[in-house]
Amino acid sequence: MLIDWQAFLLTIELAVIVSAILFVIGLPLAYWIAFSRLRWKFLVEALVALPIVLPPTVLGFYVLVALGSQSPLGRWWQSLTGHTLAFTFTGLVIGSVLYSLPFAVQPFAASFASVDRKLLAASATLGASPMRTFFRVVMPLSAPGLVTGVVLTFAHTMGEFGVVLMIGGNIPGVTRTVSIGIYDQVQASNYASANAMALLLLVFCFAVLAIVYALNRRAAQKAWTMGPAR
Amino acid sequence: MKSSKYFRTSVQFLVALSLIALALIGTRAAPAAASASREIDVAAAADLSSALQELADTYEKRTGVAVKLSFGASGALTQQIQNGAPFDIFFSADMDYPKQLIADGHANSSSLYRYAVGRLVLWVPNDSPLDVEHNGMDVLLDPSVKKIAMGNPQHAPYGRAAAAALKHYGLYEKVSDRLVLGENISQAAQFVESGNAQVGFVALAHAVAPAMKAKGRFWIVPGDAYPALDQGVVLMARSPHSQDAKAFLEYMKTAEVVAVLRRYGFGLPEPETNSK
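Residue numbers (this note's numbering), protein chains in the order written: chain A, 1 to 230; chain B, 1001 to 1276.
In case anyone wonders, no lab produced these hints; they're calculated from the structure.
All C-beta atoms, glycine included, are put in the ideal place defined by N, C-alpha and C.
Calculated pairs, DSSO-like style, for lysine-lysine (alpha carbon to alpha carbon, straight line, at most 30 Å): (1) B:Lys1146 / B:Lys1167; (2) A:Lys118 / B:Lys1005; (3) A:Lys41 / B:Lys1005; (4) A:Lys118 / A:Lys41; (5) B:Lys1213 / B:Lys1167; (6) B:Lys1061 / B:Lys1213.
Footprint (simulated), chain B over chain A, 3 or more residues, beta carbon under 8 Å: (7) 79-86; (8) 169-178; (9) 186-198.
Okay, chain A solo, but in the shape it has when bound (with noise of 0.2 Å):
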């Protein structure tokens, strides 16, 4: 077997749940961090950058005890389900969850504190709810800061390595993502096998950014034009 498939799949899997689920709890936590006045807002913007510096092996380790039914979190989950959440696909999401948060967040928080302060007072002068602003003015304006957020977190969760190492167990089909497939292939000196998989992901993660930057730089160029000519 020159290219491991099932793993493939797992992982697109796994990086587009990842990217949607960070694009739905980023987007308020970005918003509060751009317009946040609390005096404490920088604690929680460490936090949140926390898994750039932390090593993913050690964060993949912190998910695995937390997660296990040494501490209350697994006990409770043990107790709903039946089992930990280590070695699950859920586990993983979780794991990459923590682990790409501040590739979703820190671009989003970015553009929508670069968003002109006086196009929001506008709308709210002309009525519009913080919501309809948000969603008619500040997301609009903030289109190319989010795109590069989801694609961030989807190329971060890709590439994973540490964390599923770490919670996964190498379950063909559960939780053995292309990273890992490769890591088993050079471990066992199947180095063609590791070859063709490392370079159809290169490939393909190649052509998903590409296709995107394209796709972002054509949108902002018609948002350029069209917008102070109406």
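Place chain B on chain A using the hints.
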């Protein structure tokens, strides 16, 4: 203008950062050139983690030669050595990886010897309801066992032994969907210790090590259930500190070391009859 002030501040900041970086590089380079302290770099199978640490500490105190240890799955370490990792000695958890290294010229063939025989145990945490001491392998079929941890048979010799033992008892097919593979035998132990797997195949050396002894109970898998875990050690062909490394290997053969390894649960060949 406001923006030019920002620009100036950030340039100042970057210059300061570069100066600090240069200073750090300077302090790192200087002692490396001056230092004459002796050390050897040892790659070792994960089952040796406790025993070898103790031996290395004793050895360093006595001789002044620092023994730096790197632990991992034997297959992973072999891979690193084949790709130029600058180790002096490699303690494998089997005999095949050292032989492979000798065959491709990375290790010194005359240095190979069997330093220990590993033993596989089935381990459960103290609070587990499973009576592993009396029921042995049968606990794997208990409905409360959702996950069984073991080393990855692809590159961890203990994982290979665990797979062989499962097949020996005709259990492999029945439990294969519940197996979770640790990167090496230490990680398999970690999976059970953290309560994520209910039972696991670990090295006896782990089960009796001070860190884990009080935490769990175990059953020794009978030696006829899997091919013997003969563990071999070799000196690297391009060992950067070969004299000190040879001296450490001689120390490993002393009765004192053999006693320590026995205490950690390793079976040992009789002295002077090391070759198999």
